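Could you build the full structure based on these sequences and the hints that come with them?
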Amino acid sequence: MRKMTKIDIITRPAKLEELKEAMNVIGVTGMTVTQVYGCGLQKGHTEVYRGKEYTINLLPKVKVEIVVCEVPVEKVLEAAKKACHTGQIGDGKIFVYPIENAIRIRTGEEGDIAIMDPSDIK
Amino acid sequence: MKKRLGKILCLSLLFVAMALPALAAGEPPAIDTGDTAFVLISAALVMLMTPGLALFYGGMVRSKNVLSTIMQSFFILGLISVQWALFGYSLAFGPDIGSLIGDLSWFGLNGVGQEPNADYAGTIPQFAFMIFQGMFAVITPALLTGSFAERMRFPALVVFTLLWATLVYDPLAHWVWGVGGWLRNLGALDFAGGTVVHISSGVSGLVIALLLGKRKGYGSEVILPHHLPMTVLGAALLWFGWFGFNAGSALGANGLAASAFVTTHIAAAAATVSWVLTEWLDHGKPTLLGAASGCVAGLVAITPGAGFVNVPSALIIGLLGGVVCYLAVSKLKAKLGYDDSLDVFGVHGIGGTWGALATGLFASKAVNSAGADGLFFGNPEQLLLQAYGVLAGWIFAAVMTFIIIKVVGLFMKLRAKEDQEVQGLDISDHGERGYMS
Numbered sequence: 001m002r003k004m005t006k007i008d009i010i011t012r013p014a015k016l017e018e019l020k021e022a023m024n025v026i027g028v029t030g031m032t033v034t035q036v037y038g039c040g041l042q043k044g045h046t047e048v049y050r051g052k053e054y055t056i057n058l059l060p061k062v063k064v065e066i067v068v069c070e071v072p073v074e075k076v077l078e079a080a081k082k083a084c085h086t087g088q089i090g091d092g093k094i095f096v097y098p099i100e101n102a103i104r105i106r107t108g109e110e111g112d113i114a115i116m117d118p119s120d121i122k
Numbered sequence: 001m002k003k004r005l006g007k008i009l010c011l012s013l014l015f016v017a018m019a020l021p022a023l024a025a026g027e028p029p030a031i032d033t034g035d036t037a038f039v040l041i042s043a044a045l046v047m048l049m050t051p052g053l054a055l056f057y058g059g060m061v062r063s064k065n066v067l068s069t070i071m072q073s074f075f076i077l078g079l080i081s082v083q084w085a086l087f088g089y090s091l092a093f094g095p096d097i098g099s100l101i102g103d104l105s106w107f108g109l110n111g112v113g114q115e116p117n118a119d120y121a122g123t124i125p126q127f128a129f130m131i132f133q134g135m136f137a138v139i140t141p142a143l144l145t146g147s148f149a150e151r152m153r154f155p156a157l158v159v160f161t162l163l164w165a166t167l168v169y170d171p172l173a174h175w176v177w178g179v180g181g182w183l184r185n186l187g188a189l190d191f192a193g194g195t196v197v198h199i200s201s202g203v204s205g206l207v208i209a210l211l212l213g214k215r216k217g218y219g220s221e222v223i224l225p226h227h228l229p230m231t232v233l234g235a236a237l238l239w240f241g242w243f244g245f246n247a248g249s250a251l252g253a254n255g256l257a258a259s260a261f262v263t264t265h266i267a268a269a270a271a272t273v274s275w276v277l278t279e280w281l282d283h284g285k286p287t288l289l290g291a292a293s294g295c296v297a298g299l300v301a302i303t304p305g306a307g308f309v310n311v312p313s314a315l316i317i318g319l320l321g322g323v324v325c326y327l328a329v330s331k332l333k334a335k336l337g338y339d340d341s342l343d344v345f346g347v348h349g350i351g352g353t354w355g356a357l358a359t360g361l362f363a364s365k366a367v368n369s370a371g372a373d374g375l376f377f378g379n380p381e382q383l384l385l386q387a388y389g390v391l392a393g394w395i396f397a398a399v400m401t402f403i404i405i406k407v408v409g410l411f412m413k414l415r416a417k418e419d420q421e422v423q424g425l426d427i428s429d430h431g432e433r434g435y436m437s
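Going down the list, the sequences are from chains G and C.
Under UniProt numbering, the first sequence has 62 at position 62, and the numbering climbs by one with no breaks.
Under UniProt numbering, the second sequence has 245 at position 245, and the numbering climbs by one with no breaks.
Don't take each hint at face value.
Stated by the list, open to error - Below, simulated DSBU-like cross-link-like pairs (lysine-lysine); rule was C-alpha separation at most 30 Å, straight line:
{"hint": "1", "chain 1": "G", "residue 1": "K20", "chain 2": "G", "residue 2": "K81"}
{"hint": "2", "chain 1": "G", "residue 1": "K43", "chain 2": "C", "residue 2": "K406"}
{"hint": "3", "chain 1": "G", "residue 1": "K63", "chain 2": "G", "residue 2": "K93"}
{"hint": "4", "chain 1": "G", "residue 1": "K52", "chain 2": "G", "residue 2": "K75"}
{"hint": "5", "chain 1": "G", "residue 1": "K63", "chain 2": "G", "residue 2": "K82"}
{"hint": "6", "chain 1": "G", "residue 1": "K43", "chain 2": "G", "residue 2": "K93"}
{"hint": "7", "chain 1": "G", "residue 1": "K63", "chain 2": "G", "residue 2": "K6"}
{"hint": "8", "chain 1": "G", "residue 1": "K52", "chain 2": "C", "residue 2": "K365"}
{"hint": "9", "chain 1": "G", "residue 1": "K6", "chain 2": "G", "residue 2": "K93"}
{"hint": "10", "chain 1": "G", "residue 1": "K52", "chain 2": "C", "residue 2": "K417"}
{"hint": "11", "chain 1": "C", "residue 1": "K406", "chain 2": "C", "residue 2": "K216"}
{"hint": "12", "chain 1": "C", "residue 1": "K335", "chain 2": "G", "residue 2": "K52"}
{"hint": "13", "chain 1": "G", "residue 1": "K52", "chain 2": "C", "residue 2": "K285"}
{"hint": "14", "chain 1": "C", "residue 1": "K214", "chain 2": "G", "residue 2": "K52"}
{"hint": "15", "chain 1": "G", "residue 1": "K3", "chain 2": "G", "residue 2": "K75"}
{"hint": "16", "chain 1": "G", "residue 1": "K43", "chain 2": "C", "residue 2": "K413"}
{"hint": "17", "chain 1": "C", "residue 1": "K216", "chain 2": "C", "residue 2": "K335"}
{"hint": "18", "chain 1": "G", "residue 1": "K3", "chain 2": "G", "residue 2": "K20"}
{"hint": "19", "chain 1": "C", "residue 1": "K216", "chain 2": "G", "residue 2": "K52"}
{"hint": "20", "chain 1": "G", "residue 1": "K20", "chain 2": "G", "residue 2": "K82"}
{"hint": "21", "chain 1": "C", "residue 1": "K406", "chain 2": "G", "residue 2": "K63"}
{"hint": "22", "chain 1": "C", "residue 1": "K417", "chain 2": "G", "residue 2": "K63"}
{"hint": "23", "chain 1": "G", "residue 1": "K20", "chain 2": "G", "residue 2": "K63"}
{"hint": "24", "chain 1": "C", "residue 1": "K365", "chain 2": "C", "residue 2": "K214"}
{"hint": "25", "chain 1": "C", "residue 1": "K335", "chain 2": "G", "residue 2": "K43"}
{"hint": "26", "chain 1": "C", "residue 1": "K406", "chain 2": "C", "residue 2": "K335"}
{"hint": "27", "chain 1": "C", "residue 1": "K64", "chain 2": "C", "residue 2": "K335"}
{"hint": "28", "chain 1": "C", "residue 1": "K331", "chain 2": "G", "residue 2": "K43"}
{"hint": "29", "chain 1": "C", "residue 1": "K216", "chain 2": "G", "residue 2": "K43"}
{"hint": "30", "chain 1": "C", "residue 1": "K413", "chain 2": "C", "residue 2": "K216"}
{"hint": "31", "chain 1": "G", "residue 1": "K81", "chain 2": "G", "residue 2": "K3"}
{"hint": "32", "chain 1": "G", "residue 1": "K3", "chain 2": "G", "residue 2": "K63"}
{"hint": "33", "chain 1": "C", "residue 1": "K285", "chain 2": "C", "residue 2": "K216"}
{"hint": "34", "chain 1": "G", "residue 1": "K6", "chain 2": "G", "residue 2": "K81"}
What the hints assert, rightly or not - Now the in silico label distances, taken between C-beta atoms and shown as ranges:
{"hint": "35", "chain 1": "C", "residue 1": "V82", "chain 2": "G", "residue 2": "E18", "range": "42 to 48 Å"}
{"hint": "36", "chain 1": "G", "residue 1": "G44", "chain 2": "C", "residue 2": "L48", "range": "38 to 44 Å"}
{"hint": "37", "chain 1": "C", "residue 1": "R433", "chain 2": "G", "residue 2": "L41", "range": "33 to 39 Å"}
{"hint": "38", "chain 1": "C", "residue 1": "K331", "chain 2": "G", "residue 2": "V73", "range": "53 to 59 Å"}
{"hint": "39", "chain 1": "G", "residue 1": "M1", "chain 2": "C", "residue 2": "Q423", "range": "43 to 49 Å"}
{"hint": "40", "chain 1": "C", "residue 1": "G337", "chain 2": "G", "residue 2": "K93", "range": "36 to 42 Å"}
Calculated directly from the structure, the hints in this document are not laboratory data.
Quantities reported herein were computed from a predicted structural model and do not represent experimental measurements.
We put the CB at the ideal spot given by N, CA and C, even for glycine.
Okay, here's the thing in structure tokens:
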């Protein structure tokens with residue numbers, strides 16, 4: 001079983017399409033996308049309802065989760081950094097984790113095979 | 001007070017003006033098809049205000065309480081319509097007992113039918129008058145629900161509403177509009193319900209907000225409106241329905257109805273502008289919630305005087321109404337620290353009070369000969385009469401609501417438990433939710 005790596009990319013919702021396209025180009029076949037709220041260095045904004053002010057510092061972001069074994073991690077990181085970069089505060093973060101195992105629910109296959117396209121294996 | 005009776009009697013014929021020629025000729029009052037059509041359509045317009053209010057309020061609460069908030073208004077449409085047909089109409093408009101309340105001789109609409117009642121509106125079937133007034137009886141307790149949104153249990157709401165409509169709304173409607181009612185006899189002017197509808201609901205709302213206490217997390221958590229487009233849709237339906245509310249209160253398809261229609265629209269428009277401008281200056285941005293709130297504030301403010309004031313006066317009443325109500329919800333509420341969830345007191349209590357007093361300033365017999373002149377038209381006494389009516393409305397609504405809430409509280413739990421409030425009343429009270437994601 002080859003080494004598998006999980007990459008979480010938390011970034012601007014507006015960058016999602018560009019990121020998906022970049023992943024497609026380097027051969028990443030699967031991903032999980034979640035709409036999330038988060039805060040970091042980016043300051044929030046103020047909203048006013050009937051004269052009462054509220055400070056909103058949790059901003060909408062997307063979290064893209066990718067697990068790779070064949071595609072080099074460095075390649076994913078480079079592509080993601082390039083796609084999500086604007087240079088402004090709020091571009092987001094990337095986290096990299098080792099993966100212990102993976103299971104394809106349909107067939108019960110375990111390990112690297114579970115995250116690869118069966119047609120590629122042949 | 002008694003020497004004013006002559007003038008006051010003249011005033012009390014306000015809603016009957018159309019019937020006078022027929023009566024003078026010794027003929028029984030005859031139904032006018034135009035008037036009847038107009039009042040029936042106005043009743044339908046006023047009906048639409050209650051579901052409109054449900055959307056107005058529903059958008060302003062958090063998503064976990066959207067259904068329970070809409071339900072409070074929508075269910076009241078059913079509940080009070082039944083109450084009205086059974087005994088509410090008889091208590092409010094039935095034969096007078098001691099200038100305080102109607103008797104029960106019209107129970108179940110007994111004797112109320114297709115013939116006109118010349119005491120109220122001589123050219124339309126009494127059915128039309130009854131159902132038009134019934135829509136007012138419905139929306140008033142529905143307005144009230146905004147003060148305790150997101151925290152009152154549904155069973156308590158049902159019992160409270162039934163008691164409040166019977167013990168506060170019906171007597172107050174009798175005082176102001178019923179033949180023999182003491183405020184009507186006194187000469188206090190209330191064209192379409194500044195005291196009966198708005199002061200009563202606004203002041204009662206404040207009392208309930210104080211008695212129930214603040215929502216969990218109020219002041220510490222961020223509690224925001226979840227769907228402002230829904231709120232604006234609701235506000236638009238209120239504005240639309242209000243033409244029936246105010247113009248329909250002329251009870252005839254006539255010049256006075258047209259005048260009330262125009263003053264209503266101008267005041268709402270002016271308050272929309274003034275609320276937005278005030279907020280813009282105060283907080284730096286013009287908001288849509290402010291525009292929607294402003295139009296309602298203007299509609300409330302013009303309601304008591306809609307059929308007594310001219311267009312320039314309506315403009316002033318609306319402009320000031322928007323500013324006064326904005327200050328009430330943004331400054332007064334923050335200062336006093338009560339949690340009137342959706343600002344029933346700030347908009348209806350304060351707006352209704354301003355409108356009732358403004359009627360004493362701006363009323364003119366040139367607009368409505370059955371009305372009176374206000375302070376600016378040479379009759380300072382009218383302002384005192386209006387203040388008297390306002391005071392009576394405030395005290396009666398506050399005291400009675402206090403008693404009703406205390407009594408209902410002896411028999412059932414008024415407020416949702418803490419975990420139910422956290423979960424949201426949609427699930428805990430109704431077992432359903434508005435949105436599936």
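What hint numbers does the structure not satisfy? Hints 2, 4, 8, 16, 21, 22, 24, 35 not satisfied by this model.
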